[in-house]
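**Q** For reference, the chains in residue letters:
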Amino acid sequence: MINDNLYRRQYVISGMAVFVVIAYLALLFNLQVIDQSTNDQAEGNAIIKQTIYPARGLIYDRNDSLLVYNQPIYEVMMTMNEMPEDFDTLTFCRLLRIDKQMFDQRILDLQDRRKNPGWSTYTQQVFMSQLKKEDIALLQEELYKFRGIEIRNRTIRNYNCHEAAHILGSVGEVNWDDINADNYYKMGDYSGRDGIERTYETELRGVKGVRKLLRDSKGRIKGRYKNGEDDEPAQAGKDMQLTIDIRLQQIAEKLLRGKIGSIVAIEPSTGEVLALASSPTWDPQLMAGKERSKNYIKLLNDKNRPLFNRATQATYPPGSTFKTVQALVCLDDHVITPHTPYVCNGRNSTTIKCTHSHGSPVTLLSGIEQSCNPYFWNAFRDYLQKGNNGSKNSKKLHERYIQWRESVMRFGLGSRFEDTDIYPQKGGNIPSEEYYNRRYGEKGWIALTIRSLSIGQGEILVTPLQLANQTATIANGGYYITPHLNRNDSMKLHVHQTGIDRHYFDLVREGMGRVMTAGTGRHYSIADVAICGKTGTAQNSHGKDHSIFIGFAPKDDPKIAIAVIVENAGYGSTWAVPIATLVMEYYLKGEIEHTDLFERMSNSNTTQLNAKKE
Amino acid sequence: MQRRNSYIHNIDWWTIILYLGLCAFGWMNISGASYSYDQTSFFDFGSVAGKQLIWLGGAFLLGGLILLIDHKIYDTVAYFLFAAMILVLVVTRFLSPPGGIKGSYSWIAFGTFRLQPAEFAKLTTALAVAKFMGQYDYHLRSWRDLFVPFLLIGIPALIIMIWEHETGSALVFACFLLVFYRQGMSGYVLLCCIAAIALFIIAIRFGTMPLPIGTGSVGMLVCMILLTATGVFFQLQENKYRMEKWILLGAIALVYSVGLLVNIWIPINFNWVSIAVVVLLGIYFVVANLYKRNPALIMVGIFMLLSVIYTNGCDYAFNHILQPHQRSRIELILGMKEDPHGVGYNVNQARIAIGSGRLFGKGFHQGTQTQMKFVPEQATDFIFSTVGEEWGFIGTAGVLIVYLIFILRLIHIAERQKDNFSRIFSYSVASIFLFHLTINIGMVLGVLPVIGIPLPFFSYGGSSLWGFTMLLFIMLRLDAAGAEQMR
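As you go down the protein sequences, you meet chains A and B in turn.
Using our numbering, the first residue of the first sequence is number 71, and each one after it goes up by one.
Using our numbering, the first residue of the second sequence is number -15, and each one after it goes up by one.
A couple of the hints might just be wrong.
[Unchecked claim] So these bits of chain B aren't anywhere near chain A, every CB distance computed over 10 Å:
1. Leu6
2. Leu52
3. Leu71
4. Gly243
5. Leu418
[Unchecked claim] Part of the chain B face toward chain A, derived, beta carbon under 10 Å:
6. Tyr19
7. Lys35
8. Trp39
9. Tyr165
10. Gly171
11. Gly341
12. Arg342
13. Val359
14. Ala381
15. Ile385
16. Ala398
17. Leu421
18. Gly426
[To be verified] Below are the PhoX-like pairs computed for lysine-lysine, each with C-alpha atoms no more than 25 Å apart in a straight line:
19. A:Lys282 with B:Lys229
20. A:Lys324 with A:Lys614
21. A:Lys119 with B:Lys357
22. A:Lys360 with A:Lys203
23. B:Lys357 with A:Lys292
24. A:Lys296 with B:Lys357
If you're looking for bench data, these hints aren't it; they were derived computationally from the structure.
Idealized CB from N, CA, C, for every residue including glycine.
Chain B on its own, in the form it takes in the complex:
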């Protein structure tokens, strides 16, 4: 008996204290955000704050329950839960209110009670990924080994995005890249992601800016010159074939010079000149190194060729695939458009609310912007603006620092797991929290596009609170079990 209960002593109480602190402060801000000027009673179970208190109670019970359940069950049911969740995600669309809620079909409504299964899909995916990648005979050696993990995150993400029209929740699955990275995926994948984002931003932001000479756009030219420079950089690393380097550089200069020269008589589209340079360079890298057997440069060549396709695709995707409201949000972040009354309204009002909190804030239930409901979605996605207005920089900095400690603690716990399943799952949890924090606060501060995902433990809503609580407590339970086995 004694041995069976001893894991209780191994629970990471620090994490639980941070969790409770975040929940408590989060609730105060929901109360602030939903407090209205003419409200007489401070507290009432019918109000937003009252309902959230019920959800919080439920979450604590759920957390306690999870700590009591045997940890081995998660490994056993991981695939089953994953499959069941896929089914639920698909079915949700049929159960969601007609027309959806704000255009999203991710909600199941029972009367006033609403549930968003997508919030729990993160959990089932984390379990499935942990189970698959944690297998005794699984080794991440090549791209093929990532095929199944990518399916495990891709399937729910695509269903949520395409079938349920809930882009924000789908994007969260990108955070599993961090887990894969930790498990051995090449760091170049992350670099490629960063490169992709950079190319996208440059291509879109300057895609319509005309060049001073000839035709073509600044965006495309800059992207292509960056890619050319990447290729040249890798070629210069090569110590053999010195002569070849200079021929290469000369050839690039020649192509541009000819372009400039011809431009005197016939206007040249420099987009095509620069694309041609990158494509020729890429093909050269692939072909020449097949013969010379320098696989690294082959990869660089392929990267360049794919990037050309990607960059040209960005423009197309931006203008033809993205929906108008998504396009506006991106244009707004990139400063291509100012619209404080339309798309930019939320972000602008959130900025005003946060900024007006100054250093010490206006005090609990004292935020005039908050009470007068200037910030839409303030209790949910924009809850951080209430923190900013009522608690000032002291409050926002406090929340961020506590969150940082919390996430670093989770990474620390994840790292001490000896069991693959536990570690991968723990890393998934840490990554999910990091992603939510980054995207949500970036959005409220207006540096990232408006992507509607909640700030864990702060945003109003039962599904996300329970989802995050389950993630955290399963992780803590696994950690406790691991520590027990060590003994």
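Just chain A, same shape as in the assembly:
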């Protein structure tokens, strides 16, 4: 037989079958067990996850008046690969009241990866955003005709007040850095960009929810995935109450109109910031909605730098207001007693001249009252030279300086408050020993070298917030609670002690009371309320001096501590004192008696004054 050996060929054919099946098993094993990518593709394919945006938390002031709330807006979303070939662009444009050219431009922008790094034809892209109900009404009715188009509603911030822009901050779209830092965010999400909105972002934003929907191959929604079992509801953001009194804030901002400067008012017993005004400022409404970026650029380019929060970011030499701290530090160290006399020769004084004419010799209370420069220079020198003869070689002087600096910084001066919710902040500067060593050499400086520090001038720099806090510390008689904006009890636990005997505070308070009755602040008062205060004039190498005032009232039961700085306005007594007394008066009495003074102050313009002189 010819075919005798042909039966063996069954093994070749069987072998082919086995080979094919094994090869396919390997492919399937790879596809179904090893390769994970198809799973995600399938998820994105048939199951669409719709984000449910939570309502952002509302913001109230300390008297429960609503400051910030949410307003619905609409966004037109576009999924490119779902749009049919014959997409009716013209009708679409007509319904949205835009022209074809703008449509084309917008598509180009979306496709431009530099402008829109999240570009994809598969995912929804924001074609137009921040639309009002009227804007999308026409499209909404005929939406079913446009496959690949969806209207999404979101909320933006709206404001009941025109003030407190720096405090409240604003909400804006997240950028790539935010997305990389926190995977909660997706492109197009909003987050708090600055101020309270930023500090309390995680509380205010709430938690996004997810709605899972089934979609068929034509892009039609067929219903909910697993009847909504896997859905996650959105959790609304937490509401928050600020320590700010919005009416006081309004008064403060009005008083700063036409001036460059800031006002910080604190309730001493709690550390709650009652008002925090920085001028120039803007209406917070400008930073919400469609015009946000345009307005932002405008504010950014303003030469008066309104975006700069002078209350917390600007640093100034505290000037004579620093004499209060100087007195306390020296008293506590027993360098001086309330009765220690120093000679003042007025304008003829050596080392540091006195700017005021008063009797001599001077003791503590009159030193504060008259803001006597030689008094404080002498006290400071004695402090530094205690236990040494003031020679350059003395290690002791350096130790004394370090001790002095630590005492001063315990008032919250010269460094950022770390345990607060006020953002942004600058630290200021109380120069360190190392700084002087670098500048003058380790043995190159003595008390005389750094004499300006004695009267709050020179390298020393503080922020208005720190000044207000220092005032609150004096009002409290030795401690402060970190100033903060969120009205919640946990913040009251941040108590900081100066370690200085309470008795000395009473003395300084007495001196500050005299300032307002017989000293530099005597021209302004509040009926039936004893005020304590201290004026200051910060030397400014660039122009006219800054007018500074710190104060608190009532003297025996302080309810408000305040710091006011008006830039380039000259003496503290001319601008800062009246502004501060008006603010305190309004806070304590609920009204202002001297309306004429209020009008005069709020309508005067120090920036123009300066412009004329220059």
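Given the structure of chain A, go ahead and fit chain B onto it with the hints provided.
**A** Frame of chain A, contents of chain B only:
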């Protein structure tokens, strides 16, 4: 009487159990593939799954009937059925709906009921081939003996391909090569087929890739170097004329060197250099061995010359004969093109559906890709993606392994036939199943071009189910009769 019915005991029940298992699981997947998310009633005769159940019932009846019919009838009517089928195939075009169904004129429609005669052409061809090659005086000794068998598979294949525009069903006839091979056709034919496929893939895939030096394409050069190497390999097997081998190798090296050298001044098309080498080598083999009487090398020479023509023809055929959609499908498989929304959509969606089934699958009627109709043709040609999504790797591996057992069982049965007619027919059946399995699953997995042929017992459709059932049960009936005669 007793003797007449005894063959019932000789029916291969194992095969029937595998058949029923595949049908049952196949139906579950059709039900899954056609199940829609908002469907309320689980079952309904108007639905795809319902209709398939009717077809299944019919198939079982048909199978039973075939087991009852006398086996001798097939030998008798084989040629008649073949001729009748040719007529039906021709007429079908006139009876098919105007414009065809998806471009194919292979359907006869009576209302909603549709029949695809091509599915039954495999059966009639198998019978005719079995009858011709099973003749008592037929011996496969030379190429001439294969002339008629090639006509028997070529005629229906060409009619289906050219006249009915149904390429997939026509390609199935290629599986008869396995039957011829088993009956004595040279194994070199199969090797040539593999060589042809390899040359085609290389020529097309790299046909447009330019060479780093001179002009010409990587594809053609590689094909020609492979052919040259084949020739040299066979020449080296030759033990005599040692000197000649070295002259040959030297000559080849010389031609390429001259080409490279000239290329310094004038850009040379290396396609032509390499073609010239193969052609000269081929002619040398033929001429030199006519004199030396080494017929094997003459065949090698002819193979080389034909391959040159073939390789150059591939490019032409690919670009001018194939239709654009066929071209795209091939380009897609060869990775020359990515198009997940156009031509590649089916395959990509099938991959996603299968892949998302993971190890254990999403469960019966739980496949989201399936229910949301992401995979077109899912109940028919792409039914395997439903298996993958709803039953996972366990399901797909199970189906493949059961299928392998089934096919190996068929080969085993075929091999035990003493009667030539029965054996050839049985081998035809086994080959048809193997071909369908290979092509269909290869297509769904994206490793073979999209060729629309069904997965037997799984794909929705009455014609294919009945066609496969008839093939299988005629084979079982013949087997039973053979076993009876043994007794």
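**Q** So, as I understand it, the hint says Gly426 (chain B) touches chain A; can you test that by seeing if any CB pair is closer than 10 Å?
**A** Nearest chain A Cβ about 7 Å off; hint holds.
**Q** Let's test the interface hint: is any C-beta of chain A closer than 10 Å to that of Gly171 (chain B)?
**A** holds (8 Å)
**Q** Taken at face value, is the distance from the CA of Lys614 (chain A) to the CA of Lys324 (chain A) at most 25 Å?
**A** holds (23 Å)
**Q** Tell me if Ala381 (chain B) is really an interface residue toward chain A, meaning its C-beta lies closer than 10 Å to one of theirs.
**A** Because about 6 Å separates Ala381 (chain B) from the closest Cβ in chain A, which is inside the 10 Å limit, the hint holds.
**Q** Given the hint that Lys296 (chain A) pairs with Lys357 (chain B), test it: the Cα-Cα distance must not exceed 25 Å.
**A** holds (17 Å)
**Q** Please check whether the beta-carbon of Gly243 (chain B) is more than 10 Å away from every beta-carbon in chain A.
**A** holds (40 Å)
**Q** Is the straight-line distance between the alpha-carbon of Lys357 (chain B) and that of Lys292 (chain A) 25 Å or less?
**A** Holds, because 11 Å separates the two Cα atoms, which is no more than 25 Å.
**Q** Please work out if Lys282 (chain A) and Lys229 (chain B) have their alpha carbons no farther apart than 25 Å.
**A** violated (73 Å)
**Q** Minimum Cβ distance from Tyr19 (chain B) to chain A below 10 Å?
**A** Since the shortest Cβ distance to chain A is 13 Å, the answer is violated.
**Q** Given Gly341 (chain B) as an interface hint, is its Cβ closer than 10 Å to any Cβ of chain A?
**A** Interface hint status for Gly341 (chain B): holds (6 Å vs cutoff 10 Å).
**Q** Should the hint that Tyr165 (chain B) touches chain A count as held when the rule is a Cβ pair under 10 Å?
**A** Constraint on Tyr165 (chain B) satisfied, holds at 6 Å.
**Q** Closer than 10 Å between Cβ atoms is the bar; does Ile385 (chain B) clear it against chain A? Give me holds or violated.
**A** holds (7 Å)
Going through the hint list in order, the structure does not satisfy hints 5, 6, 7, 8 and 19.
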